[in-house]
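Peer 1: Residues per chain, in single letters:
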Amino acid sequence: MLSYVVRRLATAALILLGASFLVYLLTASSGDPLADLRASNAPNRQQLMDARSQLLDLDTPAPLRYFKWLGGAAQCLVPFAGTCDLGKSVTGQPITEALGIALVQTLTLVTGATVLAILIGITLGIVTALRQYSALDYGVTFMAFLFFSLPIFWVAVLLKEFGAIGFNNFLRNPVIPLPVSLGTGIVLGVVVAVAAGGEIKRRLISGGVVFALVTAVMVYFSATLWFKNPGLGPVVIGIAGVGMAFAVTTLVSGLKNRKALQASLIVAGLGVVSWFVIQPLLAQATGLMIFLLAIATVLVGVGVGYLMGGYDRGQSMRAAGITAFLVGGLVALDRFMQAWPTYFNNSRVRGRPIATIGAGTPNLQGDYWVLTIDTFTHLILPTVALILVSLASYTRFTRSSMLEIMNMDYIRTARAKGLSERSVIMGHAFRNALIPLATIVAFDIGALIGGAVITESVFSVHGMGFLFLDGITHIDPNPVMGVFLCVAVTAMVFNLIADLAYSALDPRVRIKA
Amino acid sequence: MRFGRISQAVGVLAIATLALSACAGNTGSPSPTSGGAQEGGTIGVAETNGFSSFNSGTADGNSDVNGHIGYATHSNFLYIDDKLNIVKNEKFGKYEKLSDDPLTVKYTVNEGVKWSDGTQVSAADLLLTWASGSAYYDDSNAEKKTGTTYFLTAADTSGLNLTDFPEIGEDNRSITLKYSKPFADWELALGFAGNGGIDIPAHVVAQKAGLKDAQALVDLFKSVKRGDPAAPKPVNAQLKKVADFWSTGFDSKTLPSDPNLFLSNGPYIVKDVVAEQSLTLVRNKDYNWGPTPHADEIVVRTIGSAPAQVQALKNGEVDIINPQASADTVEQIKALDGVQLLQGKQLSYDHLDLNYSGPFADKDVRTAFMLTVPRKDIVDKIIKKIDPEATPLDSQIFVPAQAAYADSVKNNGSSEYQDVNVDKAKQLLAGKTPTIRIMYNKDNPNRVDAFSLIRESATKAGFKIVDGGLGKADWSAHLGDGSYDATIFGWINSGVGVTGTPQIFKTGGGSNFNGLSSPDADKLMDELIITTDKAKQDELQTKIDAAIWSTSYGLPLFQSPDVKAYSDQISGVTAMPNQTGVWWNVWDWARK
Amino acid sequence: MSQPTQEEVALAQQVQHETVPGPGAEYQGLSQGQIVRKRFFGHTGALIGLAAFALIFIMAFTSVGFAGIPGWWKYNHVDVSPLVNDGVPSASLWPLAWGEHPFGQDRIGRDLFAMTMRGAQQSIIIMVIIGSIAGLIGAVVGGLAGYFRGWVEAILMRLTDVIIIIPVLLLAAVVAQMAGRRDADSWFAGFAASNGVVVLGIFLGLVSWVGLARLVRGEFLTLREREFVDAARISGATNARIIFKHILPNAVGVLIVNITLTMSAAILLETALSYLGVGVKSPDTSLGLLISQNQEAFSTRPWLFWFPGLFIVAICLSINFIGDGLRDAFDPRQKKFRAKSATDSGRHSSETAPASPAASGPAAADSKES
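Protein chains in written order, with this note's numbering: chain C, 13 to 525; chain D, 4 to 595; chain W, 334 to 703.
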């Protein structure tokens, strides 16, 4: 095991050396860094060209410059010495500093999107696999391929036009015309009717219910100008909490496990009670406090499950814990909604909350809730864009992996011995279908660090992708090398982790030491 | 028993809670107090690039955005207005020409003009500006790779390099420069934002370079002799330290923890910088030595692409944008409610140059080619949609914003080339069918379109046109190497000042790529650069313009259109052709 | 960079070490080719995709002509004609009419239909070139590495690793730079000047084979251990014969499916590169270049933005569906399982079900779950 890791790391180092040499040469040979000055008619043209040549050390041939760079980069291996030197960019900024700034921006942008894409993708993949060749399967497949086929800047421009500018205009006077409410209701109703499996009657009923519900909610929102002054209130939290309790219990233990259901319901009730109790505390919220509260919530849920016990205490604890987390989320969401009017009317936001650029409103003052909403309104569009285009691979991957597992002999065995379909899917198939995903996720993390070049440029986020692209356009190898190092090292490390995790998860895979 | 006892209890509890809370919707709950204090008078401006340096005069810091921030945070002896006139700011200080021969200029800063840390702007600051912009101490030789370049400035050092070491006034607020020969652009040599402005506090540089105070810096400057590239000396370590700090010490993408690094002596001062995203300027409290600013706060947002700028304006995130001009941007802006569009012209212009060699060695062939260039058509198709009032540019030297343009155009011979005249071109060619290779930047759609239109028209007269377009990274390296016969590209008129003229048109000039060599024009230009009188300068330039046209040099095509837009809620924004852009009157911006 | 790569989808195959089970009863007596064909033509999505792609292909190549052969459309992508009705598209659905400029005109009066068709041609050419070059190199490198193992594998796979961690954008930028260079007076410059798109495709193909190589290697690694390969070896078959006659036909499914997917990714790669200004260069055109040039026209002259965009989506979508159909056809492991019959067993409650995790297959499930 250890020797395997050491060998892998040694190979990785060699590959990195080779690849970095190539990258440096490629960047340096990709154009002429003096191009813009050559065509200049400034009286001090020569002086400017000399200055830039000196800055970029253009008199030294590129291969030699690489070794100079390598000398500086090698110091990064000395931990805590602070001598890391990755050179300077064409504007004189040290690359280490630029990377630090860019990395933060990129991670803010892509982390949420990636996590959500994975979660949604896996869910859709499993659902489509279980209902293979149904209307739902075709629908999801079509949508996934459609979004996958869309150039991302296309999506981004559309999102900005309709998701930000259109929605902000709507917020000025958030009245939904009745035809729109009806139309949305009809569309969603039809979608649900098609997607829901089973008899015609059942489909019609589900479609009808959804249509009625959606239309009613939209009419209600419009009548009360809900978007100006949104909120859930304990009633909605209570109803939703009960629903969640049932749903979570169904998935975790099956409704037959009464103790688990009871534990979840108690937790949902506690959630509603906590809504009253916790408001003064939430007024002084900080990020750390929310984090601690989240942990406490889950612990309370687990505790309730433990006390309820039942024939399978673990299931009760799990069901109650998950329910607690979800209901806690609702309470937090409600609190965000309470802060919405404050944010909306802030003089810096000027009633146009959804942003098209950047990662935050400059100089915004406010409490935890207002600032978090600000981050949210800035991230929502790029996140949606990224989710849409990266959903396809996760959905399709999970689907095929799940289909393969569902045809395995041991699944047949599990069915044959009379396990419920829930147990078969959740207990046997689902987990094993996820194992190969470790590789994919590891693969993605490298790309994630590299930033989303196009998304970044459309939404004016200056992250890793921007740094990289800027380096390429200015024929400036240093930023390119900086980004490359980060991406390559992360990718390699995570590939190694994925391989190790894989062998731990799947006993059939053995690491050859 | 369908439900256990506990389930029932939970149910009862839940119903009770719901009943209790039904009346407690969010509308009634106390709204939390968050710091939403009234913040008024804020104006948002979009910039294409991210801020990177508090010293916009250095070689690596002279980007447009750094220049704009520098302009808003520093005052100078003069600024340029939107009509390209020099406006003196006498509240800051004054400069006066003491004598014409030798040219002697005295600069005096008024008492009470202070850096934002309270230090008086002094002769030391002027001296530092002079030292950094004069290359006085440099003894580097680019070919032999010897000697040292101290200050890495982006400014043109040729003017101040003509001066001796300045004489420092008794009041310690003035210096006197004596030029070894007359210098045409003397007014712009010192104390003009972005090009030798009084932007960097000497006492900070001195302190950071390990000197005691500004006086020690002045003494250091006095003690070092003028550098001579022919006889390079060993590096002066202390001066190098000072110069290095000046060159790189003010580079920062974030707000430095040391406020000395962003001292202001102008209307605004930097309050906050979020790297690559935004920069916030607030009023400089002490400032009273120049036009009074209206807005309390200016927030600069970094937005790279033009569509993103327009969408941000539409969404109210910024109030003023300056996107790359295109027909679609203009139409998009026009379609917006509550937005004012400013259409103008930049100082940059596209032109077609013909080499004085190859098939174009014959003047008749050049003239014939020029007669086939559909300038009106090019302007109509490329520029009219952006700027409906656009016309072809008719002068090689002036732009219409300059007063001398109209006079020059009347007599420079450009009238011959107003319309395409294929017949006359054929006549001049006398049956010849020269093959012409036109080089241009393939990645610039305007140039591509201009090329397409020229090709179509020139082919009619019998020219065989070869597409010599190159990628954006390649084309400029080929300028002047003779691999093409004609080229389409852009130049930037300096707006004020005349030293740009010989750079392009003089025999052997640094940017004279097509090999123009006109003895008449050369003689006039020699005279031009030592002429300090504005009227005389215009007269000489008019003559030079005509001399160039008479050699069938090529054709200026059009000025690049300039598009700016601002929200209705803002007043005081006007178009400005030079690189200061809308920022030139930042003090007039106000929120209605 | 975070655009999903088809490789991720393709990796699904890599991790499937199981052997391909034999065809089911309904395919008895048919050759593998017949089975694949039958399954493929039974796949509605794939058929629609194929038809749509064929339509686009024919339209793109016949309308504006190709390789000197004139097409039936009256304009071409470079000619400038007077603006009709300010360039607004003349095509209409009701009454169904084609008009002078069905897709409209750009600002200097070029016909957008001709440009879109030309762009579609170029995009398809790039796609096919990338697909074939990447497929060829990937198959050779992966096959050699997987079959011979040892030092051959070590060298080839390390080379693959080096290329795989170099960002595609950088490679593409450099490559595009080289392809766009027309100054040197060599045969290459002459060729590149008139065939910029082909050169771009070739270079991109040269860097996008790495994912395929890994997949093919994985496939070869499994297949070379199979009994029929041993049998062939014992009966004295040469390496070449074993590779071409025995292993390759079995690996061809994976190869074809993933080449298809590489091709659909190639279209998007070309689009992204053109958007970033390092792809196809004007005055030649591609779909990606058209939309990136016209993205500012989005709200003012939307047709300039929508038509090329729709064509990209249509091409990419049809290729993806074809690939999906091929995958289903080649890979019988994804045949439908009957969840319906299994649901009846849900009647047995978990309370009565004995906990017997050990029997539940090689991957140990959590014992608490069952």
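Keep in mind the hints are simulated off the structure, nothing from the lab.
Predicted model, so just to flag it, every value in this text is computed and none were measured.
Please note that the accuracy of each hint is not assured.
[What the hints assert, rightly or not] Derived, one-sided and incomplete: chain C residues facing chain D with beta-carbon distance under 8 angstroms:
{"#": "1", "residue": "Asp-44"}
{"#": "2", "residue": "Asn-180"}
{"#": "3", "residue": "Ala-224"}
{"#": "4", "residue": "Thr-227"}
{"#": "5", "residue": "Ala-228"}
{"#": "6", "residue": "Ser-472"}
{"#": "7", "residue": "His-486"}
{"#": "8", "residue": "Ile-487"}
[Said to hold, decoys possible] With the C-beta cut set under 7 angstroms, the calculated list includes, among others, these residues of chain C facing chain W:
{"#": "9", "residue": "Val-18"}
{"#": "10", "residue": "Ile-27"}
{"#": "11", "residue": "Gly-30"}
{"#": "12", "residue": "Phe-33"}
{"#": "13", "residue": "Ser-42"}
{"#": "14", "residue": "Pro-45"}
{"#": "15", "residue": "Phe-159"}
{"#": "16", "residue": "Ser-161"}
{"#": "17", "residue": "Trp-166"}
{"#": "18", "residue": "Ala-259"}
{"#": "19", "residue": "Ile-484"}
[Said to hold, decoys possible] Here are the simulated distance ranges between beta carbons:
{"#": "20", "chain 1": "C", "residue 1": "Leu-263", "chain 2": "D", "residue 2": "Lys-274", "range": "43 to 53 angstroms"}
{"#": "21", "chain 1": "C", "residue 1": "Arg-362", "chain 2": "D", "residue 2": "Asp-591", "range": "20 to 30 angstroms"}
{"#": "22", "chain 1": "W", "residue 1": "Leu-554", "chain 2": "C", "residue 2": "Ala-86", "range": "28 to 38 angstroms"}
From the three backbone atoms N, C-alpha and C, an ideal C-beta is built for every residue, glycine too.
Peer 1: Using Cβ atoms only, decide whether Val-18/C comes closer than 7 angstroms to chain W, and label the hint accordingly.
Peer 2: 17 angstroms, violated
Peer 1: Would the hint on Ser-472/C stand, with a C-beta cut-off of 8 angstroms toward chain D?
Peer 2: Cβ of Ser-472/C sits 5 angstroms from chain D, so the hint holds.
Peer 1: Close enough to count: is the Cβ of Ala-259/C nearer than 7 angstroms to one in chain W?
Peer 2: 17 angstroms, violated
Peer 1: If you take the shortest Cβ to Cβ gap from His-486/C to chain D, is it below 8 angstroms?
Peer 2: 10 angstroms, violated
Peer 1: Hint validation: Ser-161/C versus chain W, beta carbon distance must be below 7 angstroms. Holds or violated?
Peer 2: 3 angstroms, holds
Peer 1: Less than 8 angstroms between beta-carbons is the criterion; does Ala-224/C satisfy it with respect to chain D?
Peer 2: Where the cut-off is 8 angstroms and the nearest Cβ of chain D is about 22 angstroms from Ala-224/C, the hint is violated.
Peer 1: Restraint: Ser-42/C near chain W, CB-CB cut 7 angstroms. Satisfied or not?
Peer 2: 4 angstroms, holds
Peer 1: Please check whether Leu-263/C and Lys-274/D have a Cβ separation lying inside 43 to 53 angstroms.
Peer 2: 52 angstroms, holds
Peer 1: May I ask you to test the interface hint for Gly-30/C with respect to chain W, counting a Cβ-Cβ separation under 7 angstroms as satisfied?
Peer 2: Because about 5 angstroms separates Gly-30/C from the closest Cβ in chain W, which is inside the 7 angstroms limit, the hint holds.
Peer 1: Holds or violated: is the Cβ of Ala-228/C closer than 8 angstroms to a Cβ in chain D?
Peer 2: Ala-228/C check fails; min Cβ-Cβ to chain D is 17 angstroms, beyond 8 angstroms.
Peer 1: If you check the beta carbons of Arg-362/C and Asp-591/D, does the distance land in 20 to 30 angstroms?
Peer 2: 22 angstroms, holds
Peer 1: Taking 28 to 38 angstroms as the stated bounds, is the beta-carbon spacing between Leu-554/W and Ala-86/C within them?
Peer 2: At roughly 36 angstroms between Cβ atoms, Ala-86/C and Leu-554/W fall inside 28 to 38 angstroms, so the hint holds.
The structure fails hints 3, 4, 5, 7, 9, 12, 14, 15, 18 (numbered hints given earlier, in ascending order).
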